[in-house]
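Asks: So you can see what is in the structure, the chains are spelled out below.
There are 2 protein chains.
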Amino acid sequence: VPSNYKVLFLQGGATLQASMIPMNLLRGKTSMDFIETGHWGTRAINEAQAIANVNIAATSKDKGFTYVPAFDTWKLDKNAAFVHITPNETIHGVEFYDFPNVGDIPLVGDFSSTIMSRPFDVSKFGVIYAGAQKNIGPSGIAVVIVRDDLIGNVIPHTPDLLNFKKHVEAESMLNTPATYNWYLAGLVFKWTKAQGGVAKLEEVNKRKAAKLYDALDATGFYINSIEKSVRSRMNVPFFLKDESLNDKFLKEANERRLLNLKGHKVSGGMRASIYNAMPEAGVDALIDFLKDFEKRNG
Amino acid sequence: VPSNYKVLFLQGGATLQASMIPMNLLRGKTSMDFIETGHWGTRAINEAQAIANVNIAATSKDKGFTYVPAFDTWKLDKNAAFVHITPNETIHGVEFYDFPNVGDIPLVGDFSSTIMSRPFDVSKFGVIYAGAQKNIGPSGIAVVIVRDDLIGNVIPHTPDLLNFKKHVEAESMLNTPATYNWYLAGLVFKWTKAQGGVAKLEEVNKRKAAKLYDALDATGFYINSIEKSVRSRMNVPFFLKDESLNDKFLKEANERRLLNLKGHKVSGGMRASIYNAMPEAGVDALIDFLKDFEKRNG
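So the protein sequences, as listed, match chains A and B.
If you read the first sequence in my numbering, its first letter stands for residue 1431, the second for the next number, and so on.
If you read the second sequence in my numbering, its first letter stands for residue 1431, the second for the next number, and so on.
Fair warning: there could be bad hints in the mix.
Pairs involving identical chains hold if they fit within one copy or between any two copies, as the list cannot separate such chains.
[Claimed, not checked] Below, computed lysine-lysine pairings styled on PhoX-like, alpha-carbon distance capped at 25 Å:
hint: 1; residue 1: Lys1508; residue 2: Lys1695
hint: 2; residue 1: Lys1695; residue 2: Lys1595
hint: 3; residue 1: Lys1695; residue 2: Lys1671
hint: 4; residue 1: Lys1678; residue 2: Lys1505
Read the hints as simulated data drawn from the structure, not as lab findings.
Nothing here was measured: the structure is a model prediction, and the numbers come from that model.
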């Protein structure tokens, strides 16, 4: 993290940040640009609309959130307070692997499920926020990385606990922090270092995702419709071509201790969550099962 | 909890509630009554003042927060949106053991450090809130008990995550909840039942507090200036008459594994936190040390 940024550990998860961002970043402006590439982007838009005007500068809703609109098609407002993106949409399984240059307007990213899965350039962003419960620790806290010039301009009636400046001054201890969650996050940071750090985990994550997508793409028995260049390395949603086999698939997977493969209620189908905590052997076991299940039912 | 109340488990602790209460309970009114009996009441007042007008209907600041102003001296505003009290002020060690009748105006109580220490009548209150980190579980979540008629009237621009109605509709799962904190709170609830429930713990808490205050009052070597009828059973602040002995006292206490006796930075002196989790034997050990230290230094 560059020296002109502050790192905060706050209670409340990422969804609360979707309200805190407008409260802290409007700075007298009246509109915010959002790029909508899936469910969580839509949630963030809904939260922000309670505070001020939202301009949806680009959306991939037309094709079921299966791609990222090309940067040069984004209809950015040069008076916007900020541009908000969701680099990894966990439900639809869409991930940004590089980031646009949006000029002087602060770029804001909800990195909940992509943070610590790979290195990235913080200096491209005004604010990065992330719920802890993917690659950091237990749910209940959020990490916020905010550039110094964006601290200290809240809208009227902002509670202290939603004010970045108050949290910076109190070093994230404005109220009793979620101490046990912090402690567990600290253990995960140590574990991450012991694995060789984020760059090393990225190598593993690339391998895990590549072999799983290869298996899903092999025959058409399984389906993942996300554009290949923006497929998530952390959450791999997929469908059985014959959805009448869903229950059987989940039952047999459970019997092999391949757990929680049922897709998010928003999307249906299946979902393999392969965050940092999932070892490569777990992905290998899933691939074996995918092939075996297909052989017996294909 | 009566059937016309909802119980919520929310992220953010009690201090966030000090903002959520005005946002949810103003209901078109313009002023709120607060009773100030210590540090946390003052904090709640500061948070509420960011939202609307605060009338301090009674305060014990004149005597260093050592008493609770008699109910009949409270200058209540009959048009107030609610009356806010802090039944247990943990830093000053002042506790309410009964509650006033404030007519049709909802009574709101920050029960952070008194909840589950003894039974009390929820029906006297419009809203009860409590940070978990005393008698419920780890810090990072708050319990909110809100009467049905006070749900659904937020002020404009209230974020969803600060809106009681949204949390009620989502059964406290509006966003990913603090799952591990919930799990640990569940274990504490089971433990509480195994102890015989809150009524049984009250008996123990009364005994623990009575014998500790007796020891502190015995000779004048130790000082607790709180009016006897409102002394906290959970947090017992005290001072050595000769404060030059403070460091020696803390060093020797630590050597006996009597930990965290140093007072809150706001008040100085000493503080014995004797929440439900502190067994009676722990209080007995502290009393033995108090007597022994006095004998050698008195």
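Asks: Against each hint, give a clear statement of whether it holds in the structure.
Replies: Structure-based check of all given hints:
1. Lys1508 x Lys1695: Close neither inside one copy (37 Å) nor across copies (48 Å); limit 25 Å.
2. Lys1695 x Lys1595: between (37 Å within a copy, 22 Å between copies)
3. Lys1695 x Lys1671: Classified as within: same-chain Cα gap 18 Å, cross-chain 63 Å, threshold 25 Å.
4. Lys1678 x Lys1505: neither (45 Å within a copy, 68 Å between copies)
Hints 1 and 4 from the earlier list are contradicted by this structure; the remaining hints agree with it.
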